[in-house]
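Trainee: So the chains spell out like this:
Number of protein chains: 2
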Amino acid sequence: MQYSNRVLNTPSSFIRNILKVTDAPDVISFAGGLPNPISFPLENLQEAINRAIDENGSKIFQYASTNGYLPLRQYIADKYNRKHDLGITADDILLTTGSQQALSLLSQVLINPGDGIIIEEPGYLGAIQAFTMSEPSFYPVTLEEDGLNLEELKVALDQPNVKFIYTVPNFQNPTGLTYTAERRKEVYELIKDRDIILVEDDPYGELRFKGDSLPYIAAGKSENSVLLGSFSKTVTPGMRLGFIISKNKELMRHIETAKQASDLHTNIFSQYAIYEYLTHNEYDTHVQKIIELYDAQSKVMLEALEEHFPENVSFTRPEGGMFVWATLNNGMTAMEFFERAMDVGVAFVPGDPFYTSKKDVNTLRLNYTNSAPEVIRDGIKRLATILKDAEIVQKS
Amino acid sequence: MQYSNRVLNTPSSFIRNILKVTDAPDVISFAGGLPNPISFPLENLQEAINRAIDENGSKIFQYASTNGYLPLRQYIADKYNRKHDLGITADDILLTTGSQQALSLLSQVLINPGDGIIIEEPGYLGAIQAFTMSEPSFYPVTLEEDGLNLEELKVALDQPNVKFIYTVPNFQNPTGLTYTAERRKEVYELIKDRDIILVEDDPYGELRFKGDSLPYIAAGKSENSVLLGSFSKTVTPGMRLGFIISKNKELMRHIETAKQASDLHTNIFSQYAIYEYLTHNEYDTHVQKIIELYDAQSKVMLEALEEHFPENVSFTRPEGGMFVWATLNNGMTAMEFFERAMDVGVAFVPGDPFYTSKKDVNTLRLNYTNSAPEVIRDGIKRLATILKDAEIVQKS
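Chains as they are written, first to last, in our numbering: chain A, 1 to 396; chain B, 1001 to 1396.
Next comes chain A alone, as it looks inside the complex:
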């Protein structure tokens, strides 16, 4: 059987492939991107679920509309208008089966084989995977400390048939970097008059533990803006509930058709349950608890990195979110480091799957949200021993 080019060219997820190894009980894993289960509002969710059933009966178990449960879309519109002044209505929102599905739908409706996608380098591997299924040409643009490199962005924008730019402006996956206010404006100036969609994927935006929340690059300002959100990092990822926000009616109509073809509609039981949870609990207080937890865990990791890692390893200092990005400057590739790290029972994600055009890189992603402080310290110490051994070998 000859399989489709799209699937033959699509990498299976490195993270999901190593789950069996990294999930072993004696392995310290900084590999996944899992929220800390402590952060799930278990009791309040259970109450919300029972209330949703008691009050709505069989209709939460029936087929439902493709764009999603109206009160939940209205809740999201009100929240983004209040917090980010977007000027949107419930009709500008479509609920998706996690924001992974939003990435898949966007590329399905915008990309013919060979059309261009501008992507941060390094970029989110789930996005690379979703987009690759539509057989695009990737135009990677270096993600710097302040955001996308503007010179590279200018060149990329002039490439043929570029359909959209994919960004994660807050606490990016994998780097943890956040675009500065200045860089957001500069990127907006470059794209605002072009027939190119700017996608801002913002699953972590609420999880800021340092500094002030910044305005989006294009959301609320441009017809060509698409903003993605998710309940996975603040309520539950297991229910797979994300959303697409855009005032671009034509785009949203095509996305709705693609959504029908993909899975008819998003799990309606979960939509009711999460709506009930959001409207009957102090969501902001709950998010504040997650922020404090991740703030503490990130501090522990950064302190351990400072204390134990050799000076030739640099790393980012995130203001929120879930990840630290480290760069080895000792001649070792991240894959070599990964293999030796498995020997000492520590896992992380080598940088390779976050690049569309590079291999054998010297960068890696460390997750701090899903390990207790003492485990983080222990894991970083173990990794440090490998790096020190490597230095000794190098010097000898």
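Just so you know, these hints were derived from the structure itself, not from any lab. Possibly wrong hints are sitting among the right ones.
Under the rule of at most 30 angstroms between Cα atoms (straight-line distance), these lysine-lysine pairs were calculated in the DSSO-like manner [claimed, not checked]:
#1 K1154/B to K20/A
#2 K289/A to K1059/B
#3 K59/A to K1221/B
#4 K1154/B to K1299/B
#5 K1289/B to K59/A
Could you slot chain B onto chain A? The hints should help.
Mentor: Frame of chain A; chain B shown alone:
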């Protein structure tokens, strides 16, 4: 913005587009394909959900594996081995976001633009929509009383790059027809030595109210078999839970990659909830109740059709499932009939969206599962008045 060819060529669902009209409270709708909400095991599901939370805690709210919850896959394997002697293991099963997603994934991994799909004519419109997103060439084969027309099938099998055949062998959507045992064998003989996948989509198989259950065409016999199942028609469609069964390891590996790219994994909360429901309740007794309900409702519709419809309208007599298929032989197209039917407050689905190569057809789908007996009688009577008026006009 230039959208992708795949989405520009994909019809949005006729059924979903007319929902606003057909869902009005004063409209009698035979249009949808909704299970009767009476059939949802509401109380037992609520118990199962609470048990799932109490016993498993936060892990049912966390990210999960792409192929699905192992005990549920094992349950499905055991059931199909017991009832259909398929000889499968849990690893031959992947849980999907409804069986609509299974249709989407199959075409994504098998079809390059222009590759062939053999489809029943008329065929399931959700499948036509899902497949069209992969830009195939459709080779429709007439679905007759006994199953696919064999002469047409032979010709279609010899078309270039045919990748799979899509069938609904039991109580087909839209016709309600069931392949005979003999025709199943004949189809199997034609396909068994070819490098072509046979998809058997069987969401209604358990809902048989007449005759005996028949062996699948290829499931359990051939490496090239794919069997699709769903909990939508017997437990709940709202939770979007379906499954793919195939012993073809290479195919399943590609489907898993496409599934990761599409939505990472199926809602794990719902997988646990439905597993708890299935393992703590008399599922067969529950299904028996649905069968009795639909048997009664189908009888009412068939009797009303016999009594009120003119003789030049023919219709199928399903042995199970949810639909009757009617053919007008009075010169009227189904779309004309539909428009007049809306004037008397009755909706159905005109046949057009079930064909890949025909327009202005004289066939239509009637659903009997989601209306009470007296409503069914009233609706069919109202439709009959239009047909009688048309006859008078024709004669005069």
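Trainee: Quickly compare the C-alpha distance for K1289/B and K59/A to 30 angstroms and report which way the hint goes.
Mentor: holds (19 angstroms)
Trainee: K1154/B and K1299/B were given as a pair; does the straight-line alpha-carbon distance stay at or below 30 angstroms?
Mentor: violated (36 angstroms)
Trainee: When you check the alpha-carbon spacing of K289/A and K1059/B, does it fall within 30 angstroms?
Mentor: holds (19 angstroms)
Trainee: Between K59/A and K1221/B, is the straight-line Cα distance small enough, at 30 angstroms or below?
Mentor: With Cα atoms ~39 angstroms apart, K59/A and K1221/B exceed 30 angstroms; violated.
Trainee: When you check the alpha-carbon spacing of K1154/B and K20/A, does it fall within 30 angstroms?
Mentor: violated (45 angstroms)
Consistency note: the structure conflicts with the earlier hints numbered 1, 3, 4.
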